[in-house]
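Participant: Numbering of the sequence shown is given in this note's numbering, commencing with residue 0 and proceeding in unit increments.
Source of the hints: derived by calculation from the structure; they are not laboratory data. Backbone N, C-alpha and C define an ideal beta-carbon position, used for all residues, glycine too. Treat the hints with care, as some may be off.
[What the hints assert, rightly or not] Ranges of calculated distance between the beta carbons of each label pair, as one might list FRET restraints:
no., residue 1, residue 2, range
1, Arg388, Gln72, 50 to 58 Å
2, Thr541, Glu208, 20 to 28 Å
3, Gly188, Ala445, 38 to 46 Å
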Amino acid sequence: MKQQATGADAFAPFQQALSQGWTQALESFRQSTAQAGSAFDIGGTPLWQLPKLPELPQMPRFSIDPEKLQSIQQQYLAEATELWRQGFDARPEGDRRFAGDAWNKNPLSAFSAAVYLLNGRTMLSMAEAIDADQKTKARLRFAVEQWMAASAPSNSLAFNAEAQKKAIDTQGESIAKGIQNLLNDVKQGHLSMTDESAFEVGRNVATTEGAVVFENEFFQLLEYKPLTPKVYERPFLLVPPCINKFYILDLQPENSLIRYANEQGHRVFVVSWRNPDESIGKATWDDYIENAAIKAIHTVQEISSSKQINALGFCVGGTILSTALAVLAARGEKPAASVTLLTTFLDFSDTGILDIFVDEQLVQYREMQLGNGGLLPGGDLASTFSFLRPNDLVWNYVVGNYLKGETPPPFDLLYWNSDATNLPGPFYAWYLRNTYHENKLAKPNALTVCGEKIDLGRIDIPAYIYGSREDHIVPIGGAYASTQLLPGKKRFVMGASGHIAGVINPPAKKKRSHWIREDGKFPRTQAEWLAGAQEHPGSWWTDWAQWLKGHAGKQIPAPKAYGNGKAYKAIEPAPGRYVKAKA
0 MKQQATGADA FAPFQQALSQ GWTQALESFR QSTAQAGSAF DIGGTPLWQL PKLPELPQMP
60 RFSIDPEKLQ SIQQQYLAEA TELWRQGFDA RPEGDRRFAG DAWNKNPLSA FSAAVYLLNG
120 RTMLSMAEAI DADQKTKARL RFAVEQWMAA SAPSNSLAFN AEAQKKAIDT QGESIAKGIQ
180 NLLNDVKQGH LSMTDESAFE VGRNVATTEG AVVFENEFFQ LLEYKPLTPK VYERPFLLVP
240 PCINKFYILD LQPENSLIRY ANEQGHRVFV VSWRNPDESI GKATWDDYIE NAAIKAIHTV
300 QEISSSKQIN ALGFCVGGTI LSTALAVLAA RGEKPAASVT LLTTFLDFSD TGILDIFVDE
360 QLVQYREMQL GNGGLLPGGD LASTFSFLRP NDLVWNYVVG NYLKGETPPP FDLLYWNSDA
420 TNLPGPFYAW YLRNTYHENK LAKPNALTVC GEKIDLGRID IPAYIYGSRE DHIVPIGGAY
480 ASTQLLPGKK RFVMGASGHI AGVINPPAKK KRSHWIREDG KFPRTQAEWL AGAQEHPGSW
540 WTDWAQWLKG HAGKQIPAPK AYGNGKAYKA IEPAPGRYVK AKA
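Take the sequences, apply the hints, and build the full model.
Facilitator: Laid out in structure tokens, this is it:
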């Protein structure tokens, strides 16, 4: 009897909390929609420099049908009653954050997690039930998901059973280590996702041998040492995204797309973007096209003495490269024999979850803030992408680093992900309005860039277009849409996994599948295309390499020196100093 009484006494506070749960769920829903753009905290204590949740546009007024609300309330009360019936035996099912033994062995923590999950399901149901357009619903879902991710009991030492157990097992050492991790992150200015001390650009990432052969205020051009006695006569230029650093394509020798292209016999050049500072804070989209992408194309032509090159663009780099090729086409130039686009938007009709951030109000605000100069901090972009997957890319590390005192293991991809880059304000404001908001790049002659009307239909060359099936930054439908714009002979390939892991998938790993449709048909939608495609095990790299060789020309002796005589000489060893500049 005494044990039962003690258990009931311990459980009493949760009885009261549960009886008030419906009111709390409604209030949480209201707060999550009202404060979607605010920084989160845990237990009322601000978290120094957690990635800042990107601001959502102002929510319009909305309502919920009373019958739908009543149905949700009845469902909530039924599930809450069942939770109360289970008492200490309640278990938080279906969420890996609460799957460990420590949660199951701690009734109070388990019950708090079960109530939290119930409230979360209820709030999401309310977001679905509102009377509003789909974009407003998507914004509400995002706001609720961010609120729930931030308010999870796993984020609090008072409820996190695993963190409590670790503190006891280590006699408090984990708490001391967590404080040390927090202080280190404050010092470096961002949340650690990996052991950053394990990596250094040029030492154990971005190590493929090469040299800088040209530079201006926007980029350095890297040329890589050939790895074969002969190379193809048409050189190969890679244009990476300017919102990240190029060495995602050259992390380690075993997963380097740059080295792989070298091994296939190509003379490889790469654009290494400058990490902008105030000196180029007024740079525009036209500057990046004329003085970077077009300049890189012409420089590679001059160095190689080749009339045509093969070019690859990755993500925003693909958008920049395609714009440059359209400008050159309008000028009567056809410098590329082929183009490869990896997870690239040309048609911005389907931008996935990123669409919830963009409307006229936001675009005008950014134009007022940055349109005439200034920098968009790299941390802002990094935070936006992290909060697209908040449990995996934010709160997972808060819990591990600070509550459990763990040091995240070395991981080259996450080191690169934390190495942020700034963007010039005018460039960003133009890009935001004309692509994400108004989708003008996909409309023939709707844009003037570098004095030329842009029509992607003029890029009449073979194109290899790749999209990742689970990409949350460039959804597979958005990547596929390029097939409807480019008029030349095309090959579309879908890879498994996401924006980065799908692309960086070397054949030797024998991981993931890719899908190809061999009949040469490109129906209107990706779903229709997939219906006629076949799955192939392993990396798409081998298929692409075979395709690229068909456009690379004959083989010639590999050059014995970087550059081309007096005009272009080696300035410094790869990866160059631009990539080492911190945001």
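Participant: If I claimed the Cβ atoms of Arg388 and Gln72 lie 50 to 58 Å apart, would that claim hold in this structure?
Facilitator: violated, 31 Å
Participant: Confirm or reject the claim that Gly188 and Ala445 have a C-beta distance inside 38 to 46 Å.
Facilitator: Since Gly188 and Ala445 have Cβ atoms about 40 Å apart, the given range 38 to 46 Å holds.
Participant: Using the C-beta atoms of Thr541 and Glu208, is the stated range 20 to 28 Å upheld?
Facilitator: holds, 24 Å
Hint violations for this structure: number 1 only, all remaining hints satisfied.
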